[in-house]
Each structure stands twice: as structure tokens, then as C-alpha cells.
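**Student:** Okay, here's what each chain looks like letter by letter:
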Amino acid sequence: MESNHQSKSIKTKTLIGVLVSFGFLFLITFLYYSAINSDHENHKKISILSSKLLQTNALIKEYIVENRYGLQTNYDGLNSMHDELHRLTHEYNNILKQKADKRLFNPFVTLTIAIDQRETRIEKFKSQVSVYKLSSSFLPFMAEEIKKMILNSSLNSKTEKLNVINEFLLQIDSVEKNNISDWNEPVKSLQKQLPKEIAQQVYIIIIHGERLINSRNDLEKLTLEILDFQIAQKIYSATETYNAVYLEQERSSGLYQLLMAVIIVLLSGGVVFYIFKQEETKKHLKKTLSSLTQQQFALNQHAIVSIADVTGKIIYVNDMFCQISGYSKEELIGQNHRIVKSDEHDKNFFKTLWKTIANGEVWHGEIKNINKRGNPYWVNSTIVPFIDENGKPYQYVSIRTDITATKKIENQLNRERSFFAKITKSMGEGLYVHDETGRCTFINGKALEILGWNEDELLNQNIHEIIHYKDQRGIPLESKDSDILKSYTTTEPFHSENQVFWSKNGAMISVSLSAVPIYEDDSFKGGIIVFQDITQRKLQEKRLANALLEAEEGNRAKNNFLNNISHEIRTPLNAILGMTHLVMETKLTKEQTDHLQKVEISSQNLLKIINDILDFSKLSDNKFEVKMMPFNISQLVSDIEKTYKKKFSNKSIGFDIDLQKDIPENLVGDYKILFQTLDYFLDNALKFTEKGHVKLIIDLKYLSVSKVSLKFIVEDSGIGMTENQILNLFQAFSQADLSRTRKYGGTGIGLAIAYNLVELLGGEINVESTKGKGSSFSFILDFDVVKDNAKPGKKSATKTKHINQDELSGLSVLLVEDNELNQDLALQVLKSKGIKADLAVNGQEAVDMFQENHHYDCILMDCQMPVMDGYEATRQIRELKLKDLPIIAVTANVLPDDIAKSKESGMDDVVSKPINIKILMEKIHFWIKKYQGETPQIKAPATTNIKTNIVEKMELGTTVNMIEPDKAMAMLGANESLYFQLLNRFSVEFSKPLTELEALIETDMESAIRFVHTLKSSAATIGTTNLHLQAGEIETLLRNEKITQAKEKITHLQMSLDVVNDQLNVLLDKYKQLNNDSQQATEQADSETINQLVETLKNHLDSYDSEADTTLEQLRGKLTDKKVITQLEKVKHLVLQYDYEEALNKVNEIFAKDETE
Amino acid sequence: MSPHIAAITYCKQTFKIILIVILIFVNNLFVYGAEKFREPITPVIPFNNLNKDKVSLGKKLFHDPKLSSDGTVSCAKCHNLETNGVDLLPVSFGINGEKGNRNSPTIINAALQYRFFWDGRAKTAEEQITDPIENPIEMGSSWQHILLYLGSNNEYISSFNQVYGVNPDRNLVIDAIAEFQKSLISYNSPFDQYLKGDENAISPEAKEGYALFKSYGCSQCHQGMNVGGNMFEKIGVIRPYYGKDNPAKLTDLGRYNLTGNKEDMYEFRVPSLRLVVKTPPYFHDGSISTLNEAIQLMGKHQLGRDIKDDHVNKIIQFLATLEGQLESGK
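Order-wise, the sequence lines are chains A and B. Letter 1031 of the first sequence, counting from 1, is numbered 1030 in numbering that gives the first Met the number 0, and no numbers are missing. Letter 249 of the second sequence, counting from 1, is numbered 248 in numbering that gives the first Met the number 0, and no numbers are missing.
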């Protein structure tokens, strides 16, 4: 008990020591700061500032007086002094802020408020002085003028009137504000007698006089007010306060300094003494410390405490020990700890225990004990050995807590767990459970079996890191990327067959798994994963996939072989044909000619057979693509006629083509396949008909607005077929009768191909035949209808049109526009959408074009044009009974009035300039649809801010701020090259000075307005809002005939225009520079690909390869020269007729010429 | 205060005034030298010892549209140096193409001004800068936005550190832009040369125009180094400008909107005329597009007089001589 008391007092002492030292520290800090608080530097500054403030203030007063009495000509001096005053007070304030002494602020704030208040009076003063000076200098001068006017007039009693004026002037100095009416009364009555001209002037001097008197009065008051603000006094008072505070601080700081010195001396002495004392007590403390600690432990009433000696004999137990063990203190002391020992722990357990504590180390563990009544209890025990001076333990203190209850629960849990384990063991699937941190809390036997790990190796470990740390490619997989763990974000179970686990020996195991997250009260607690080893299955699947791949490979090899072989055959065949042709040119006997003709025919047949085989292999490979393109039905008929007319007449068989009248001219479908199909049927007819006639009938089965169904029938008067023969007809390589093959030749795949082709086009073949009488092959196909351009006004044709947004291509549009820049823009835009556009440069031309029976799907009409404007043109076109033709105004005038005017004239809609491509296309589409009786929706245009590469690269903004390319570009659908073309155009069109415009205003107002209007819209198109607005203003002025104002504006406009032109050139230069390299590169690349394509095309044609058609299309897509493209049309035609030789000649001709050019 | 004492105080004040007047008068006799004696307009004195690095940093900030909330409006958009520091529009357009309600005054010589904005609500150029930045229809930005932007831009960080030795902050941004503004001074104009004694610096017509400018009383307000910009005056001080025929909008009330004081109604800062010929349109709302019209209206409402056409032309000739050369800027 005594030592306890001792330790308590030591503690208290230490605490007091700490507190005292802290106290001293604070005191010293405080003293230090108090001592330096009086700052001489700041005091000096404040003194200087005060005197400067006083000086400045005096100067301000001086300026006020000077300004009042006209001794200053302007207020600059006054203003600069006032600025100085503000600057000084600001500085003053900054110093005061460092002080944080509240006493200082009051007088200072009073000062600044006074300065601010005075400032408003000074501002008033300045205004008043100006007015006063104005009136006082002006009045005498004006009065003289009036007097002169009176003298020169024919008025009566001039002297009297002059006297009134004189009196008016003389009295001004003495008039007060309240008797103004007495003073101006005579002049006012005089004013009434005077003629208007003079009366007006008199009116002005009355106003000035009144103002003079009023402002004089105000001025006197203001001047005195300003001088009376007593700013100087306030400066004094602020400075005095500061000085008082400063002196006070000065005094106290002296005191503080002394105090600090004393304290520091005292403190140093204290520290020396303390250190000495410390050494002395150290030894004593060391001795008492060990027994002191024992006692403290024993005092712990909450633990079960016992102390044993080195032999294990109990020398102390606390009440808790007695309570739990059931023994009394007397029974325990002197006994060995074995008294409570149970059979739970083996020998080794105690061996380690004793070894640990005998070495002087603390032991910790759970021990099962038995109490007096023989009941077991569990304790969590810590045994601390106490060491004597020699380093040997002399006592063991055991501190225990009762964990019997916890142990019970643990046992229960273990039982449950083993039960659960037993159940899951019998499952065929692997199963593991992990907690929210990813640590495995349970895993069943099957899972261990699959994974090859022991339970101990996985339990409580982060299981992802052990079994799921790599994906199937062996790439490390972090837990955050694991599909399983990611799936926990939803409460839905997760199933996957694509996951892999890794076994202990590093083998990859493909698993099919299900994962379910565990949520408790919305918080994630872990997950349960059930999985199956599907490695074998996966292997099987892979093998299967490989087999399939091999099979496909085989098929591909077969086709490659077919391709190659046909090519290998075609080349020598070409040589045979060529040589035969050459020989036939020479002089030959009739017999030789006959033989050679047979060689030629046979060779051509062989070629055809090879082509058939190729097509057939393509068909069976699904490589045949159907390309829907617009085509002309008459063209089809004439193509067929050209191919077959001669062949049939050679065989003396009649050949007719019967095209039904009402069939729309232009259809959408795959012309190539259709032609090929008919070719097979006609070839078949040609082959099996010996006499009589063959007929191709194209019959109209169904016609609607947008669709047409046609029935194609090929009739012959040939040998016919039996029903059995018909059934086998379309099997490949089987002619109706094998015996015929020898007679008629051919491979027998022609009809099989035709059958497939018709199927490809969505039709079905119907065959009727009577043995010996002839056969009829027919099929029905559907086509989309394109509007018939050749026959304008044909109602049915107009109605059968069908377009959707992407299919605007093929339309024809008339653009009526006079401005070249806009022409360029619109034509390019239309062209880029595949729309054919014609141009009329004014309204009259447009009307003429319609009178000449041109036909268009839509008109885009500018409103402002020379000769005839858009409104009139629209009226006239509508009068031509073209009521159902969409006419869309494209104009920069989009005020409600303008829109009304355009609607009135018969236009359907208005698109504003600058043209937004998207809106324009939508409107064209909308109105064409509308006239077809549909009601399409117009989508709101997206207003995205598009910044293109080049613009980004150019880093505008700093130097080029009059033009906003991003804005303009957004309107143009980010068409960069178009934008820069427009810029170029603008610089050409508007580089001349506007003096021409001024001349135009005099001579030809209409053209002038048009010029400004064009500038307005062009400016918007290239994105210079400033110029656009200015031009717009001038346009309005000109329309309202405000010529002078407009002319003034033109000078400003010129200024802006010059800047815009400069900046525009900067832009253009940069663009050219940036674009040069890339363009050169693409041009070069383009011409290279064109050359390559031409070579390939030549090769294909040379080798009679049907790929020629595809190559030709590719080439056509790459070319830009219109002339060459039209020439290629002819080649295309020849290719379709398989006239490859002629086609090759043509190609050589075209591109040879091209090179020389 | 009894009337007796009041009278004495008044006498004292008056005496003081008279004394000062005499002193000053004597003083002034020695002060004026070769320069034109007692002219209301004085030659422009450009700022000396500008920090070139601050100026170029300020210039960069001035032209940077990214300071605005949508990245489209720089200071230079409305104060375009290519067009004499204005945008030549009646009122300026801010972010999202929104229309403001004031004619943008020129930035050139703005640093010489005594008060800023048409209603003079800012006392210094430094104070003025925050306003258009935070104005929702001008730049619609905030200091937070600007400092975030500058703080994430390495180029700015390095130039601020180079110039000021620290990272960008609000005061430094203002300081740099203010320094740049100080570099935009149009000085040594023909008229200034004339004031300094070169009689041939301006044409006889311009001289006549100047005489008219003074005799009509224009120079009572448009005065000082910047030919205006150093005081406030009511628009329509002699004859009302706003009335039945021309009703005033809220934005026409001038300083009244600032002080709420009735006597400040329609009061605006007298604008500088240094670049007036090149900075149309005119008046606080940019409603007057020509200088001709502006002078006529000023005569009518501020002076109570009709100014003859040939006088107007001569005054314009004079005004044209006020523009000097820019030291830096473009």
C-alpha cells in the first residue's frame, strides 16, 4: 500500500513539472512577442504616411479652390491627388492590419469614411463646375448674338428689347435661387414678342441663366462642404491614437524585456539543478520500480490474477481466481498450479509454456482448467515472468480472462461447420465462401480436390490471389478486374463458363461457375462460389472448333483451286482465241475458215463453261453479293437484244422481246444478276430450239407508289421436257437427259446457276413444258421504283418515288443563286450527297429552264437576285402548273416579314444562310416526302461545336479573333476543305476597297443593297459575326434610304473588312502550309492506287476474268475526272456483254490518252 | 451655432480661400513654360518602367478565351486590339453569343482613366478586371475557374513562376493584365505635338476645330490628358436627353443604379475622346452610329446649342488629331 502511495505522488510531481515547464515556455514566448511588439519601422512608416496624407489632403483642397475659380483647366491634377490619397490610406491600412489593436481602427475608419463621403461631393463638384463654366462663358457671347439679331431685325422698339437683355445679364450675378422668376420674367415676356428664330436663342439663354444661378448656389455650398470635411483633423486623430498606442507598447515592452531576462536566468538555474537531482533519484527509482509494477498488476480487479514462484507454487491469488476455481485463497496459496489442470492439453503444451517463461519471455495462450467441482472452464492467459538483477525470473504473474462462453460458441460453430462440410463434401461441385475482404472462410472437399490445395492453405487466405490470379492467357489478373468479384455489384447470381482457376501444381482448370454475393442489411459480406471442372469439356470443344476450321480450310482450298485452275485454263484459251482470230484475217480456203470458226465457237463455249463453274462455286460459297442500284429497264431490253438478236437469226429462229407498256422506266435492283439470269434462260432456249421462235416477255404483275413486281418469261418452241426431266432440271451438272449432253454440249450447270440467282434476287422459277412442243421458264421479281426523269409531269411516275434520307442521291435539284461563293458552296454540298444539281444564276433563267421542259425534284431558290428575284421566279414557276414541286428559299433574310413574303410567293420553306448542311438535307427530304403524301418528321438539328484537326492545330484565337472558324465549320458539317475554299472565295470577292459600293449607292441602289446583302451572308458563312452584323446594319439603312448614315458605316465596315481580310489570309496561309504535305501524300497515294487498279483491270480483261467488273467499279470510285468516268461507262457496258477484248482496247485507249495529257 | 459665429467662420473660410487663390496664382506664373499655356487638354505621358515580362504575360491572358466559362470569350473579343481596342458593335456579345447592354469602351489609354466602367464603379484598373470576368453575360467565369485553368496549364505555371516567382493567383493575374493595359497607351499624337509647340503638327482646320471645341464648351468636360474620362456628368444636363420621345431603360440610369441617389440619375463617366474617330458606335449603349450625329446630340443636350454642320466637320478634324501611336500591343 505504501509503494502505491509513493508512485502516485511521483506521478503528480512529474505532471506538475511538465505543467511548470510549459508555463515557462508560454511566458517566455509571450514576453518575447510583447517585447518586440513595438515596431520602430512601422512607427516610422506611419509617421511618414500621416504627413504625406496631410500634404495630399492640403493639395486636394488647393485643387478644389483652383478648379472652382478657373485656375485649373482640367481635373487631372485633382484626380491624381485623390488617387494618391487612396493609395496612402491603403498603405496605412495595411500597417494597421499587422497591429490588430482595436483601438487603432476606429479613428482610421472614421477617416476613410470621411474621405469617401467627400469624394462623392467632389464628383458632384466637378460636374457642377463644368456646367457653371460652360454657362458663364457662353451666356455673354450668346446675348451678344441675340442683340445683333434684334438690331438687324425689323422689330419695333429695339432699344427697349435690348435693355431687357442687358438687364437680364447684369442681374445674373445678384440673383438668388428663390427669386429666379422675378429675374427671368421680363425676358420670358420678351421672348413671346420675338420672331421664332430669335425666341429660340432667347430660350437657350434663359436655360443657361437658370443653370448658372442654380449651379452657382450649389457650387458655393459644395465648395464649403468639401473644405469643411476636416479630413486633416481625422488624420491627426488617427495618428495620435497610433502614437498613444505605440508609446504604451514602448513602455511595456521595456518592462517585458527586463522580466524576460530575469526569468531566463532563473530558468537556467532551475534546469541545472533539475539535471543534478535527476541523476541522484535515478538509482533509487530503479530499485523501487520492479516491486511497484507487481503491485500494480495485482491491483487489476477485473482479471483473474495469480502469482507463482519459480517452481510454480502459488504465492498470490486474487478474488476472481477464487471465484472461478471454486477454491478459497487458503486452499490455493502454497499449492502448485496443477491443482486446476485439465486433461485437455498434452505434455508438449506445458513444455513450451515453461520453456518460454523460464527464458524470461511472456507466454500467451488459451488454457482449459478444472474447478473445484470438477467442471471445466477456459481462460485466456498471459504469464509474465519477473526478472531479478541477474536477469533470472523469480516470479510468474498470470493474468487471465474467462473465455468459457466464447469457447462454447466456438465449439458449436465448429460442429456446424463440420456438418456443413460433410454436406458440401457430398456435392459434386466445388464450393468456397469468402468474406468481404476476399478471405476464404469455408471451402469444401470437392473444391480442394479440384484445386489440389489443403484446407489450411486456403482458409483465411485471400483466395483470389491463390486460385484466380491469372486469366486463361496467363496474364496476371488483379482482384479488381476479376469477373467474379465485379459481378458482386449486383445481387444477381453470376454464371460463367469462361473462367479458369489455377491448381496448386500450376495447372489451368477451366471451370463452370456460379457466384452469389452475400448481403446483410445492404452491406456486402462476402460471396459463395460453386464451380465444376470443365477442362475436359473445353478441350473437346476446342478440338471440335479446330475440326470445323480444318473443314472450312479444305473448302477454301477447293475454291482456290477452282479459281486458279479456271485462270490457268483461261490464259491459254485466250491465246487460242486470239491466234484463231489472227489466222482468220489471212487468206484461207473455205474449209479452213469453217474449221477455224468451229475452233472459235468451241473456245468461246469453253470460256463460258469456265465462267459458269466459277459463278457456281461463288454461289455455293455465298460470295455472290446483290448490289441494289438504279437501272433502266429499256437499257436491259436493248442490251439483251444486242446480245441475242444475231445469235437467233444465225440459227434462223425468231426472237421477240415484249416489254409491257406501263412498267416504270427506272428501277432499283441488281442489274448484273438480272441480266446474267436472263442470259442463262435465253442461252438455254437458244441451245434447245431448232426452229420456230423464242420470246422474252416482261410483264407487269403489280404496281404501287414505290414497288413494282415484274414477271420475266422466256418461251421457246424447242424440244421440251417430260415431268421427270423438269424435276431434275435445276440439279447441278444434270441436263434433262444425259444423252442430250453429247448432242447439245454444255456443263448442265447453267440452269442451276440461274435457279440460285433468281433465289438470290428473291424470286422463284416456274417451268412449264410439253415434250416436243417447247418450254416456258418464268420468275417474278420485286423492284423499287425510281422517279422517271425523262418524262416530266408524268403523274404516276412522280407518285411512285421512294427515297429515304440516305437515298437523296440520284435526285436532281435546281439551284437558283447569283453569288458565286454560295453557288460553290451549295453545289459542293449537293454533290457530296449524290444529288445532281443544275444552276440558274437568276430567277429568269430558272423560269426559262422550266419552260424548256427541264424537270427537277426540288428547287433551292435565293431571294435576292438581279434580273428577277426569287419571289417573282417562284410565282411564275407556280403559274406553270408546277404545284407539287418543292421550292425552298435559301436566303440570309430570315426575319418574320421575309419568311411571310417567301411563303406568300409560293415557296414551301426557308433555309437560312449560312447553309447548315444537315438542315438543308432534312428540309429537302421533308418536302419531297411531303409532296408524295407522307408526313415525315424533321429532326431538330444537333448544334455541336465541331473543332476540326486543322483548326485545332492552327491555334487561333490570339491573332485571328475576327473570324471564328469553329462556328462556321460546325455549320458546314466540319467540312474543312469546303470551308477553306469558301475563305478563298471570300478573299477574292471582297478584297477590293468598298469605294465601289459607295459609287453604287449613287448610281444603282438595288445592286448596292444586293452587294451588302451578299457580304452579309458570306460573312456569316465564313464565321465573322462582327462583319455580318455590320453589313446587316448597313443593309437596313440602305433599305430605309438612310444614305448618309450608311456611308458613315461603310467606313467602319471597311476597317473591319480590312482586318478580316488580313486575318483570313493568315488562316489561308496556315491552312495551305498544314495541308500541303498531307495532300501531296494523298494525291500521290491516289494516283498510285489508280495506276494499280488500271493494271489489274487490264489483267482481268486480258484473262477474261469476271473480276474485271468489280475492279472497274473500284476504279470508278477512285477517279475524279468526269470525262474519264463517262468513258468508263462504255467500258462497263462492254464488260457486261462479256466483250472483254473490246473493253480492254477501250481501257488502253482511255488511259494511254490520260498519260499523254 | 449662432449666426454670429457662423458669419465669422464664413469670413475665415473666405479669407483662407482668397489667400490660397493669390498664392496659387503667383505660383502658377512660374510654373508654365514652353507648353501651351493653360490648355484644358494636356499631352499624354506614357507609363515608364513597365515590366516587360508582366506585360507579355498580361497580353497572353488578355487574349486567352479559355478564361471564360465556355472558352469562347477573351478580353480581346470585345476590346479587339486589331480594331483600336473596341469591337465596333453597338453593344458587345459575351459567352453563348449573349448580347450585353453596354458599348465596349476602348482598352487603349484605359489605364489613364480616373474611374472605370460607364458608371465609374471601379476606382482602379485592377478593380475593374474582375467585373467582366464574373459578369454572367460577358465572360461568365469565376476566379476559381480561372485559377483551376491556369493551375493546370504548365505553360502558365512556368511563366508566372518566371515573372513573379510563385504560382498564379488572383492578384497576380490582375497585376499582369493591368500591367499589359498600362502598355496600351496611344501617345505623341499630332495634337500633343501641337500642344508641345509644333504649330505645323495639325492642319489649320483642326486648329479651328479645337477652338470651336473649346468655345462651344465641349472641353469643359472632355478635358485633361485623356480628353475625358476624369469626371461624371449627367446626359442631358441642359436639355433632357431622356423623356417621352426617348424613354430611358434601366441601364440608362447610370450612377443612380450604383448609389441610389436621385441626383446621380443619368450620370455617366465622361468618355475619353482620344480614339473617338476610330471607335464607333457611340454613347453608353452604342445607340449612335456616327460621330456626326453624336456631336450634334451632345451640342443639343449637353450645351443647349445646335452645332453647325461645318463646325461639326472641323471638330471631327480636330478629334482625328488626338490619336497617337501605340507603344506596344499589336
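Quick caveat, the hints were computed from the structure, so don't treat them as lab data. One or more of the hints may lead you astray.
Listed next, the in silico BS3-like pairs over lysine-lysine satisfying Cα-Cα at most 27 angstroms (straight line) [stated by the list, open to error]:
id : chain 1 : residue 1 : chain 2 : residue 2
1  : A       : Lys123    : B       : Lys122
2  : A       : Lys195    : B       : Lys122
3  : A       : Lys1041   : B       : Lys243
4  : A       : Lys645    : A       : Lys690
5  : A       : Lys607    : A       : Lys641
6  : A       : Lys44     : B       : Lys243
7  : A       : Lys132    : B       : Lys59
8  : B       : Lys307    : A       : Lys187
9  : A       : Lys1069   : B       : Lys59
Covered stretches of chain A (in silico footprint by chain B; criterion: 3 or more residues with CB under 8 angstroms from a CB of chain B, positions within the stretch not fixed) [claimed, not checked]:
id : region
10 : 70 to 79
11 : 349 to 358
Virtual Cβ for every residue (Gly too), placed ideally from N, Cα, C.
**Student:** Each of the hints needs a verdict: does it hold here or not?
**Tutor:** Status of each hint after checking the structure:
1. Distance check on the hinted pair: Lys123/A and Lys122/B sit about 16 angstroms apart at the alpha-carbon level, within 27 angstroms; holds.
2. Taken as a hint, the Lys195/A and Lys122/B pair is broken in the structure, with Cα atoms around 47 angstroms apart against an allowance of 27 angstroms.
3. Taking the CA atoms of Lys1041/A and Lys243/B, the gap is about 24 angstroms. The hint holds against a cut of 27 angstroms.
4. Restraint check for Lys645/A and Lys690/A: the C-alpha separation of about 15 angstroms stays at or below 27 angstroms, so the hint holds.
5. For the hint pairing Lys607/A with Lys641/A, the CA-to-CA distance comes to about 18 angstroms; that is within 27 angstroms, so the pair holds.
6. Annotation: proposed proximity of Lys44/A to Lys243/B is violated, straight-line Cα distance about 58 angstroms (limit 27 angstroms).
7. In summary, the hint linking Lys132/A to Lys59/B is not supported, as the alpha carbons are separated by about 45 angstroms, beyond the 27 angstroms threshold.
8. Our distance criterion of 27 angstroms between C-alpha atoms is met by Lys307/B and Lys187/A, whose separation comes to about 26 angstroms.
9. Pair hint Lys1069/A plus Lys59/B holds up; C-alpha atoms about 21 angstroms apart against a cutoff of 27 angstroms.
10. Judged by the Cβ-Cβ criterion of 8 angstroms, the region 70 to 79 of chain A is covered by chain B as claimed, because 6 of its residues qualify and three suffice.
11. Evaluation of the coverage hint for the region 349 to 358 of chain A: breached, as 0 residues show C-beta separations to chain B shorter than 8 angstroms, against a requirement of three.
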